[in-house]
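Engineer: Since each chain comes alone in its own frame, lean on the hints to assemble the complex.
Chains A and B supply the protein sequences, listed in that same order. Residue numbers for the first sequence follow numbering that gives the first Met the number 0, beginning at 0 and rising by one. Residue numbers for the second sequence follow numbering that gives the first Met the number 0, beginning at 0 and rising by one.
In short, the hints are calculated from the structure, not lab data. Every value quoted in this text rests on a predicted model; they were computed, and no experiment measured them. Even glycine gets a Cβ: it sits at the ideal position worked out from N, Cα and C. Among the clues, some could well be false.
No more than 25 Å apart at the CA atoms, straight line, and that leaves these computed lysine to any residue pairs for SDA-like [unchecked claim]:
| id | chain 1 | residue 1 | chain 2 | residue 2 |
| --- | --- | --- | --- | --- |
| 1 | B | K203 | A | K156 |
| 2 | A | K163 | B | R4 |
| 3 | A | K163 | B | L5 |
| 4 | A | K163 | A | Y60 |
| 5 | A | K156 | B | A51 |
| 6 | A | K156 | B | G52 |
With the Cβ distance kept under 10 Å, some of the chain B side facing chain A (calculated, not the full set) [as the list claims (entries may be wrong)]:
| id | residue |
| --- | --- |
| 7 | L5 |
| 8 | Q13 |
| 9 | L45 |
| 10 | H48 |
| 11 | D50 |
| 12 | A51 |
| 13 | F54 |
| 14 | S58 |
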Amino acid sequence: MAAFRHEVTELLRQWKSGDEEALDKLTPLIYAELHRLAHQFISRERPGHTLQTTALVNEAYLRLVEQNDVDWESRAHFFAVSAQVMRHILVDYARQHAAVKRGGEIQKVTLDGEVIVSRERAAELVALDEAMQALHEIHPRRSKVVELRYFGGLNNKESSEVLKVSETTIERDWRFAKAWLYRELQAR
Amino acid sequence: MNPERLERVDQLFQSAVDLAPERRAGFLEAACGGDVELRAEVESLLSAHQDAGDFIEDSASDVAASLLEKNPQRPRQVGQYKIEKLLGTGGMGEVYLATDKMGRRVAMKLLAARLIKDQQHVARFLQEARTVLALNHPNIVTVYDIGEADGTYYIASELIEGETLRRSLETGELELGAVLEISIQVATALAAAHEKGIVHRDIKR
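Chain B extracted, bound-state conformation (with noise of 0.2 Å):
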């Protein structure tokens, strides 16, 4: 793309988002004219935008912050549950293998260091464990215990053991049979979901 057709896609895509969305398509249509490239391109551009959400708003240190701490300081014991190795970093905390004792294994998502003074995030974190608390369907994953311990919050939950959809979807094809299968389990949790009155919002590989 030379770049005057760079800026006049610039000056268009900015005017366009301060506009509502609604009167976007007649902006568009008027100050592209008959110029199909140019208005598919500002409005892939548009879409971008309305979808890209939180998309590297935090910092790169956020992410940073998983892959430099090879061996972060981690709690030994939660509650009744003993710490035995990371599994995940995620937006709002860790998760980490862990048994309670009785000697079973669970998933220990614990709030992140950083959140727990910020009582809206607490919020969140206990709103979502309450959510899936609700639910009881084989497609969901069950929670066992929400709680509050040694200066943090945590949520234990049933440990579930493979690879995650996306990971297979990037290291090859799936069979017909298998996408029918995933998309039934997906459909009919969601369906459970729905009975109780709550709606995903979120839904992703």
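In isolation and in its complexed conformation, chain A is listed as follows (with noise of 0.2 Å):
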């Protein structure tokens, strides 16, 4: 493991340092780990718990990278392969679900609109991922911005020294792509 942890912190490094090719090898590491994580959380029964993103990524985050040897735009850049990856995971996951066949199963209990069954809210992520596609195809940097902070938990600051721009553009590509997204699956 120490031999892994150093080849993953050396990768983030050389990536950081412009090198496109260490990404390349990078998040096939980070996927698997993350992967691992997210079936380790579904066989596992944890009471009162509920996933957690941050949380998930926080703990490969702690496996995989030598803590001691990294600085903080390292652990940005780390981040920011891991919500690239949680939203392969979680869209995979909701494109399973929503695939489910209706059988004949009580389909909703209402108290009011906030209760929805989880396979509607499965198809609207999945709608979502296509959504933000749609959008990479005009925009990539601020569709990446919502993968940044919408799947992988990052802040303004964190998502600005991934994309290095300032925190203003950050705030004002968030406002632009939610509102686009927005309207893209209100169309739908």
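Structural biologist: Here's what the structure looks like:
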């Protein structure tokens, strides 16, 4: 594990200094770890706990990166890859979930508009992912901001470090993307 | 849309968002000149911005929690109710099928564990149930019981089986007769609430 951690830490450093190939090597490593943790979460019973992406990513970070040898910028980069990975994992699950056939089961109990059958939410997540792909076509950075913030749990400061733009730009990107995606989903 | 055009839309959108709503029309009038398409594009984004509310302001993990927890550990018993199975998940908690000590099937809404320590959420959760409790109408779900037991807050209400209006609309068109029937039922329920001085404020399919 120590050698593995050293490798991940080293790849993070290389990527931060502009080596894009390092990212290609890094992504599958982080993917494997997050996927493992997510599966563990499913099979494990944790009373009173709901899954938190940030907690999951933090756990992966602690396991994969040499703590005392890495700066906060590399940490932000790690979280950026994790955001992308979490998006894949979550949307994958959502897609499986949304595809479950309707049986004779009770669909919904209404008390207020807030109770939403998880399949509907799953379908919404899949639709959001598709809308983000459409946004990526016309403005990749704005789509990325949503990925970092919504799927990765990054704040504006961390996002600005990853994308190398100011925090003001991140906030403007966010509100544009939010309006754009909302409109896109309403139109479907 | 070409990149320059997109930047222009973004620029106008950002400037307009920063203005007071009543000043936006004038601003766009001046900024877009005769470019009707440009103005329409910015206006539709502004309207989406207005309506978007909490959209994606939570985290994907909130959604994911309900997807990933295929076998969530759930309470077996809350107060006098026996919890049978999970029916759905919402922003404030989960809804279970449960039976009371008489064997009557109820819909049991439990406040999400993460919100139990948050006084504001607890208050909102209970207030919502008390509001419904004040109403007695065939088109409004009947709340049987509100309470706190076994470390959680719950609302026990009438179990309604069937499919949501949203689902019906997604799976096919409704006959005019059905549309009218549903609309009348919704309207009479709202009228009953209005009589008690309660405004819904969040009507959706």
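Engineer: Now tell me, hint by hint, if it's right for this structure.
Structural biologist: Structure-based check of each hint:
Distance check on the hinted pair: K203 (chain B) and K156 (chain A) sit about 36 Å apart at the alpha-carbon level, beyond 25 Å; violated. This hinted pair checks out: K163 (chain A) and R4 (chain B) have alpha carbons roughly 23 Å apart, not beyond 25 Å. A threshold of 25 Å between alpha carbons decides the hint, and for K163 (chain A) with L5 (chain B) the separation of about 21 Å falls inside it, so the pair holds. Taking the CA atoms of K163 (chain A) and Y60 (chain A), the gap is about 22 Å. The hint holds against a cut of 25 Å.
Under the criterion of a C-alpha separation no larger than 25 Å, the hint pairing K156 (chain A) with A51 (chain B) is consistent with the structure, at around 23 Å. For a cut-off of 25 Å, the pair hint linking K156 (chain A) to G52 (chain B) stands: about 23 Å separates their Cα positions. Interface restraint check: L5 (chain B) against chain A, minimum CB-CB distance 6 Å, threshold 10 Å, status holds. Interface hint status for Q13 (chain B): upheld, as the beta-carbon distance to the closest one in chain A is roughly 5 Å, under 10 Å.
Restraint check, L45 (chain B) versus chain A: the minimum CB separation of about 7 Å is within 10 Å; hint holds. For the restraint placing H48 (chain B) at the interface with chain A, the shortest Cβ-Cβ distance is roughly 4 Å, inside the 10 Å limit, so the hint holds. The beta carbon of D50 (chain B) comes within 7 Å of a beta carbon in chain A, closer than 10 Å, and the hint placing it at the interface holds. Checking A51 (chain B) against chain A: minimum C-beta separation of about 4 Å stays under 10 Å; hint holds.
This hint holds: F54 (chain B) has a C-beta 5 Å from the nearest C-beta of chain A, less than the 10 Å allowed. For S58 (chain B), the interface hint holds, since its Cβ comes within 10 Å of a Cβ in chain A; the closest pair sits about 6 Å apart.
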